[in-house]
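Colleague: Line by line, the protein sequences are chains A and B.
Following this note's numbering, the numbering of the first sequence begins with 1 at its first residue and continues without gaps.
Following this note's numbering, the numbering of the second sequence begins with 1001 at its first residue and continues without gaps.
Please keep in mind that the hints were generated in silico from the structure rather than gathered at the bench.
There could be a bad hint or two in this list.
[As the list claims (entries may be wrong)] If you want the footprint, here are the derived chain B segments under chain A, 3+ residues with CB under 8 Å:
| # | region |
| --- | --- |
| 1 | 1027-1034 |
| 2 | 1076-1084 |
| 3 | 1161-1168 |
| 4 | 1178-1192 |
[As the list claims (entries may be wrong)] Label pairs and their in silico Cβ distance ranges:
| # | chain 1 | residue 1 | chain 2 | residue 2 | range |
| --- | --- | --- | --- | --- | --- |
| 5 | B | Pro1164 | A | Lys194 | 24 to 34 Å |
| 6 | B | Ala1196 | A | Asp148 | 13 to 23 Å |
| 7 | A | Arg209 | B | Gly1029 | 40 to 50 Å |
| 8 | B | Thr1046 | A | Gln152 | 18 to 28 Å |
| 9 | A | Leu198 | B | Ala1073 | 29 to 39 Å |
| 10 | A | Glu134 | B | Asp1163 | 32 to 42 Å |
As the structure is a prediction and not an experimental result, all values here were calculated from the model.
Glycine included, each C-beta is placed from N, C-alpha and C at the ideal position.
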Amino acid sequence: MTSGPDDASRRQQEPTFADVMNGFSLDAKRPRKRRLWGRKRDEEEQAGSPAAPPTPPPFPATSSAHTGDTGFAGSGYGGYATGPIEPVRDEPVLPAAPSGAAAVRPYAWTRGRTKSGFDLAIETLVSTSRQGREQLGLLQMEHRSVADLCDQPRSVAEVAALLSIPLGVARVLLGDMAGLGVVTVHQTASSTGKEPDLALMERVLSGLRRL
Amino acid sequence: MTRPPQPAARPGPSPTTISAKIVVAGGFGVGKTTFVGSVSEIDPLTTEAVMTEASAGHDDLSATPNKKTTTVAMDFGRVSLDSDLILYLFGTPGQHRFWFMWDDLVRGAIGAVVLVDTRRLADCFSAIDFFEDRGLPYVVGLNAFDGLQQHRVEDVREAMSIDPSIPIVTCDARHRESTKQTLIALVQHAMAARMAAGAR
Ligand SMILES: Nc1nc2c(ncn2[C@@H]2O[C@H](COP(=O)(O)OP(=O)(O)OP(=O)(O)O)[C@@H](O)[C@H]2O)c(=O)[nH]1
Ligand SMILES: [Mg+2]
């Protein structure tokens, strides 16, 4: 009475969908070592606040919540709703400027890849290249939306937010476009090393003071 | 040998514009979005990631037989600091259970502002632990919900056992100037930490 076959099958699908998205946005980037920092505090907090339920609320229909507000939803997610996504080694990027159909074939956005050869942090700026602007009319729909948006430099996070797509999807999409030469990937403060360098921090500081 | 004309290898608008990132953390409802919004040149945007809780590596979660999926939203703002320099401010999700997502937020950041509501000190512990564990420079911003008095700062440091080297500043997340000063304190602290590390 409480659950029918529909529920059961949907429940099976959702984790799969989530695994995919998770892989895009998180697991692919997870460092090898996992820390259990903060466990003590977490336990303290839980002990101290009985109001906080130890188990999360039932999972809402995240997939439809997501697909509901994005224009690309159907074609985008359908392609990898089933089957495991293999973490793919960094493929060599596609040759720049393939002509005609090769460039515009309406692929599923990502062809199942979970990452591109580009290191895209959430704050990494991308902007439409000259080639991208010249080929605007030839681009597949999703790429065109991004190219329009990135007429001025935008961060990966902005692209995701403004197109209402999850971060992980935006990352792969932008990686593809960078591989095609349609967008240029900019440097970030920490591109050259692990951490932002002093000169850059100095610039940020004086920029803030001028605000 | 004549150089070929510069190929169209680096086209596009201002391809030299670079970005930097600062993280804004703290407990639920402590004023993170307000803080970001007070200096951002755009209304804070929200971006979402979908994750399985089982990937958290949390004992209590891995005990759950069925993986559950959750959408985690974080909001962010943008501040153009120069014609070729854009600073992004990312607010962490308020819920503690999602701290593991912060790896992605934190990588390459200049540092973090941990906002604290003095009425709920314990809410920020997990954020502070995380930044200390990751070695990310941070400052503590006491968000003045109730007109905080300056002398309470050291009480708070004591109560939270925050190292004397960590700046604690009072702020009002609703005011641009206050937010700006808090960010300046953070960048100064991050630079000092870097120089100290280099001198060692
Ligand atoms: N009095 C006072 N109110 C504040 C201050 N900062 C934020 N608020 C208010 O506190 C409420 C919560 O602020 P938010 O910025 O949404 O907090 P948040 O940390 O983003 O919340 P979550 O994202 O839900 O964790 C809002 O109603 C703000 O207007 C402050 O410095 N003083
Ligand atoms: Mg918020």
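Colleague: Would you mind marking each hint as holding or not holding in the structure?
Modeller: Evaluation of the provided hints:
no., hint, result
1, 1027-1034, "violated (count 0)"
2, 1076-1084, "holds (count 5)"
3, 1161-1168, "violated (count 0)"
4, 1178-1192, "holds (count 7)"
5, Pro1164(B) <-> Lys194(A): 24 to 34 Å, "holds, 27 Å"
6, Ala1196(B) <-> Asp148(A): 13 to 23 Å, "violated, 46 Å"
7, Arg209(A) <-> Gly1029(B): 40 to 50 Å, "violated, 30 Å"
8, Thr1046(B) <-> Gln152(A): 18 to 28 Å, "holds, 20 Å"
9, Leu198(A) <-> Ala1073(B): 29 to 39 Å, "holds, 33 Å"
10, Glu134(A) <-> Asp1163(B): 32 to 42 Å, "violated, 55 Å"
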